[in-house]
Amino acid sequence: MVLDWCSEHRDRSLSLHQRSWCRERQRRPTAKLTSSRCIWLTEHHFSFTTFYGRRIRRIFPALAVCLAALLAFGFVSLMPSELAQLGKHVFFGAGFLSNLVLWSESGYFDNAASLKPLLPLWSLGIEEQFYILWPALLWVVFRMKAKVGRLLAVLFLASFVINVVLSVTDIAADFYLPVSGFWELLAGAGLASWGQIVLSPNVRSWISFAGLVALR
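Residue 40 in the numbering used here sits at position 35 of the sequence shown, with consecutive numbering throughout.
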């Protein structure tokens, strides 16, 4: 997921290097955060507010309905201690921090997963934490005229190494912490920055088969 900066048509004050970079990005299809829309990374056109506003409008309506319904159900059917835990999880879930609070609760005395209806929000927390940091990092890279590929490679390797180490030393931290899960999202960012990949039907079939085997 890489921002598609195409500001050359609106800001002629950009350097030759920046205009060339933008022309190259316009020729390559992108996805999601990569966005088919142009995000203007210039002093006068780029807006973090616009980007994060889109994320909020996409996520919050459904999330708010889910959280409100659970609170209403919990108020009627749960014991006070259980309702207190649900309220805590709703609060942190609304702030995309479920993975961190669930990590803090993990351990021998943790409640069963079946008693945590908002447990699946741990993955949404990691995803949104990535979305908070990644656009800012890309903006810095763009302003410094650095190469996005190098940033992707360094961050991917660092996150993957942390993931491997924590999988041996602290499995709960490995599962819940964002830093050990960012490599998966960075892999998607790398594929998006690469552009459209055209594969023959046979190759796609073999890749799908390999994925099924890996799941076993």
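In case anyone wonders, no lab produced these hints; they're calculated from the structure. This structure is a prediction, so every number in the text was calculated from the model and none was measured. Backbone N, C-alpha and C fix where the C-beta goes; we use that ideal spot for every residue, glycine too. Among these hints, one or two may not hold up.
Computed spacing ranges between beta-carbons, pair by pair [said to hold, decoys possible]:
1. LEU102 / LEU204: 18 to 28 angstroms
2. GLY100 / SER52: 15 to 25 angstroms
3. ASN207 / THR54: 40 to 50 angstroms
4. SER119 / GLY92: 43 to 53 angstroms
5. PRO85 / LEU196: 45 to 55 angstroms
6. ALA67 / GLY92: 35 to 45 angstroms
7. PHE165 / PHE53: 25 to 35 angstroms
8. ASN116 / LYS150: 49 to 59 angstroms
9. GLY92 / LEU217: 14 to 24 angstroms
Evaluated hints:
{"no.": "1", "hint": "LEU102 / LEU204: 18 to 28 angstroms", "in the structure": "violated, 38 angstroms"}
{"no.": "2", "hint": "GLY100 / SER52: 15 to 25 angstroms", "in the structure": "holds, 22 angstroms"}
{"no.": "3", "hint": "ASN207 / THR54: 40 to 50 angstroms", "in the structure": "holds, 46 angstroms"}
{"no.": "4", "hint": "SER119 / GLY92: 43 to 53 angstroms", "in the structure": "violated, 18 angstroms"}
{"no.": "5", "hint": "PRO85 / LEU196: 45 to 55 angstroms", "in the structure": "holds, 48 angstroms"}
{"no.": "6", "hint": "ALA67 / GLY92: 35 to 45 angstroms", "in the structure": "violated, 20 angstroms"}
{"no.": "7", "hint": "PHE165 / PHE53: 25 to 35 angstroms", "in the structure": "holds, 28 angstroms"}
{"no.": "8", "hint": "ASN116 / LYS150: 49 to 59 angstroms", "in the structure": "holds, 51 angstroms"}
{"no.": "9", "hint": "GLY92 / LEU217: 14 to 24 angstroms", "in the structure": "violated, 41 angstroms"}
When each numbered hint is compared with the structure, violations occur for hints 1, 4, 6 and 9.
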